[in-house]
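Peer 1: One-letter residues, chain by chain:
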Amino acid sequence: MSTEQNNIRFSRRNFLRTSALASGGMLVGFNLFTACKPEAKPAVDIANLNFNDFNAFIKIADNGYVTIFSPNPEIGQGVKTAMPMIIAEELDVEWDKVHVAQAKYNKKEYKRQVAGGSQSIRFGWDALRQTGATTKQMLINAAAAKWGVDANTCKASKGIITNANGDTLGYGEVVSEAAALEVPENVTLKKPSEYTIIGKDALNVDLDNIVTGKPLFGLDYKADGMVYASVLRPPAFGQKLESFDDAETKKVNGVSDVIKFGDKVAVIGLNTWAAMKGKKALKAVWSDDQNLESTVDHNKELIKILDGKEFDTRREDGNVKKAFAEADKVLERTYDSPFLPHNCMEPMNFYANVTAEKIHLVGPIQTPQWTAGRVAQLLKRKEEEIDLEMTRMGGGFGRRLYGDFALEAAEISNLANKPVKVVFSREDDMTDGIYRPAIKYRITASIKDGKLTGYHLKEAAINSNMYDLIPNFFPAGCIPNYKVSTKSYKSDITTGAWRAPYTNFLAFAEQTFFDELAEELKKDPVELRLELLQNVKGSTDEKIEYSGERMENTIKLAAEKSNWKEQKEGVFKGFAAYYSHNTHVAEVAEIEMKDGLPVVKKITAAVDCGILINPTGAINQIQGGVLDGIGHAMYGDLSFENGKPSHKNFDTYRLIRMNETPQVDVHFVKNELSPTGLGEPGLPPAGGAVANAIYKALKNRLYKQPFIKELSSKKSEVLS
Amino acid sequence: MPTYNLKINGELVTFTADSDTPLLWILRDELNLVGTKFGCGIAQCGACTVHVDGVATRSCQLQVSILDKEEITTIEGLSKEGDHPLQEAWKEVDVPQCGYCQAGQIMTAASFLKENPNPTSTEIREAMHGNICRCASYNRIEKAVAVAAKKMS
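For the protein sequence lines, the chains are A and B, in the order given.
With this note's numbering, the residue at position 585 of the first sequence is 585, and numbering never jumps.
With this note's numbering, the residue at position 98 of the second sequence is 98, and numbering never jumps.
Chain B on its own, in the form it takes in the complex:
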């Protein structure tokens, strides 16, 4: 099996894996970064969202072999103290119900707010539509993204 060196949450990590292994399973099974969730395996639900060079990416469809020097960030590395404005906003708005999809929601929102720091509610709704919340905490996710945008401006 080939050996890979990837930069994840600011640290260089080395591991061996089959070249077609999705980043998701490397994070979860090899590196113990289980905050990134498995939901569908076909990039339809967003539970596995991470940042690749700051861009929200579905890690379940991202084969390790195509990664090289990119900076990968997971929910564990979004902030040192768990105090990213989105994490703060998520707490303030008391978003989660079961909580399973929320890391993916936060990662999608973090990448979106970097692109669009002052979004309208329609823009938030469109940007977040790729992330399913089966508990349907959507009203609060929408609100929390708006709250975070305000905190960041």
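Bound conformation, chain A alone:
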């Protein structure tokens, strides 16, 4: 199993530095990037780091108050609360005396600032603990020196150091001395049984500001002299701008400028409304769109791939061809998913002020460094001239990895010679997306003498195929003859990461396929999974990504908490389990029928994410992920006709709403293994669990998303 991160080699000297603050107090800088990511290539010569290379700080004031600067922006995944909790635990301060502040992207102070994604907790675990514990030891050493006693006879708790005589000193009283001390090696970390902060509910650190409407998000940012830009982009992918007429636009009150760049036209307004209204008044002539891409063509191309023979083999065990030839029964199914827009509630936006001296960028972005580099390249400027500030993000889901909106802002500001905020309308956001690509899967499996002997997964995807870890997920290692083959079709439609990339749909395909296999084998679906998992236990295959033992425990917990075996009149249950992003999740869906349509009533989720840092945040992530998974499996649908997306706004594009949501009951497997992320893993199994429950109710297998399309046709049958 390759998920454990306990064998990390690093020297405290290389990632931790301290210094005294002029204002009184101590600053501890630590470099998350070089310290905690075992596979990360050091971006700098770590032996020669100087203080400015550190990307996160703890400030201990001389009154004992602790400020932890969270280097990475928050997109709703809760790391701004959870990461400081880990430091506070080992530093041994009271959580309510800790203030968490969002650090600015600052070239001078934080050279290697990177947004974490769903791996923040997993990668941060060791470095955050070491930082807290090392700092605590320095404070103890400083107190011991002051008292003239051996540091080993002193201890610290809740921000107070005590010696053998019972004398006490607060952290604040020794910070200045501590800052001058040598950074100690080999500090002792707490045992999980000693935790007082980790494992206890800590409320979102931004709660007060959120519920009172304080400016937090990119769209809330303002600067002196700032104007707003609304951008007209080609309505169809692959289309070019031929000409435009801005006579009507220029009549709009508040429109100050109209600027063409590439195939786009920016309307600059003194306020957002003027810019948006001015854009609507533009008359553009676009190139012919009659031969641009359509979903019907994509479907043909993807099926052609699945029917063909040209694939990349991503993993191969045994010989599936032979297994299929010798089988008693071969089962083959094809699964079909649409494109999906991200639909972050905060539409894409970014501020840029390009001047001769520098480039100031502000906004919601997950990849500040990459984006700054691309802006510098675009404007032929030096990266050192860029000052980028990150705001809180109104959702990310992968969309804000791509800095297209920041590049637009920089380009427009450069042309307009003004500070500009680019604001996407919802229509812009939905039709100029970087979508979850449409993908088809074909799964073939063989049964011989009541056993599963072969399994072949084929992926045909728009633009790009599954990342390398996925072929080593379940059921790799469970079935003797196993193969994963992939191939992609190059499209003009822009695609990218969408919450739980690939697995957001693959899990549905695989987990409904196993439901069919269980039926074929006349086995309970849960029992079939548990039986198969025995084969991977003790596997010496280093590539296998998941743990047979942990998946087994997770499945058993979900079965127990949902009373899986219990039959209830009118209640239909479906099961799915999936490992992704280093976390094992199993879900049981319960549905009831109403007017011929299934209503999801309850989801029981069991999760193994190792040590639970912040239970309230963790539950929130799983509940949200499950409901997001159900919502998109049920309703999510974007197609293209001659390059144009089928939906523009929420009047026709359906997102799950409160009256359609079941209660999600979340349980965690208790263990003392290193923690893993929770932003994504709750989502993948949800669609499969619901589809398997729907099958119980309707005897109708679902092979396509969104379900609502298939169910609506079923409903008309039921009602007629």
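Please keep in mind that the hints were generated in silico from the structure rather than gathered at the bench.
Keep in mind that the hints are not guaranteed to be accurate.
Said to hold, decoys possible - Chain A is faced by these chain B residues, among others (derived, beta-carbon under 7 Å):
1) V34
2) I42
3) L67
4) E71
5) E76
6) K91
7) C98
Unchecked claim - Example chain B residues on the side facing chain A (calculated, C-beta under 7 Å, incomplete):
8) T3
9) G35
10) G82
11) D94
12) Q97
13) E126
14) M128
15) I132
16) R134
17) M152
Yeah, the Cβ is synthetic: ideal placement off N, Cα and C, and Gly gets one too.
Could you slot chain B onto chain A? The hints should help.
Peer 2: Here is chain B on its own, set in the frame of chain A:
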């Protein structure tokens, strides 16, 4: 451009704007009340919800020219100290994930609880269905509305 005088969060404010400007953009761009959010611009998501004479209204579809003597309340004016029972309940239940839609959710709930101080869970679910939370923090929003109802009774 015409001049408007509106009563917002108890204060009389004066500004000039095109008559078709939605209240949302006046609040955000002119008055710096950015707690009211832009989500869809077509009254489908609820992020821009404010109170007009106490009634939850989508400010993205509300042209300033049709407003006159109405009392407009935004999230910034819901309570002086940020301690409206709904704001308290939102904190107690630890509702937000990204947090972007939550001001609109709270404003919808505040207007709803005035109409129906003792709602059933079905009534809460129906009343709140016009507000989208893309993070899907729906279980907690539902709970927080119930908690607030209890606090207010």
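Peer 1: Double-check B:T3 for me: the hint is only fine if its C-beta lies closer than 7 Å to a C-beta in chain A.
Peer 2: Violated: closest Cβ of chain A sits about 14 Å from B:T3, beyond 7 Å.
Peer 1: Using the nearest Cβ pair, does B:C98 come within less than 7 Å of chain A?
Peer 2: Given a least distance of 3 Å, the restraint on B:C98 holds.
Peer 1: Quick one, is the B:G82 hint okay against chain A at 7 Å, beta carbons?
Peer 2: holds (4 Å)
Peer 1: Hold the hint about B:E76 up to the distance rule: shortest CB distance to chain A must be less than 7 Å.
Peer 2: holds (5 Å)
Peer 1: Hint check: is the beta carbon of B:I42 less than 7 Å from a beta carbon of chain A?
Peer 2: holds (6 Å)
Peer 1: Answer holds if the nearest beta-carbon of chain A is closer than 7 Å to that of B:E126; otherwise answer violated.
Peer 2: holds (6 Å)
Peer 1: Does the CB of B:L67 sit less than 7 Å away from some CB of chain A?
Peer 2: With Cβ-Cβ at 15 Å, over 7 Å, it is violated.
Peer 1: Going by Cβ atoms only, is B:I132 closer than 7 Å to chain A?
Peer 2: Hint holds; B:I132 Cβ to chain A Cβ min 5 Å, cut 7 Å.
Peer 1: Using 7 Å as the Cβ threshold, decide whether B:V34 counts as touching chain A.
Peer 2: holds (4 Å)
Peer 1: Against chain A, is B:K91 within 7 Å by beta-carbon distance?
Peer 2: holds (5 Å)
Peer 1: Quick one, is the B:D94 hint okay against chain A at 7 Å, beta carbons?
Peer 2: Hint holds; B:D94 Cβ to chain A Cβ min 5 Å, cut 7 Å.
Peer 1: Please check whether B:M152 passes as an interface residue: C-beta within 7 Å of a C-beta belonging to chain A.
Peer 2: B:M152 check fails; min Cβ-Cβ to chain A is 16 Å, beyond 7 Å.
Hint check: violations occur at hints 3, 4, 8, 17; the rest are consistent with the structure.
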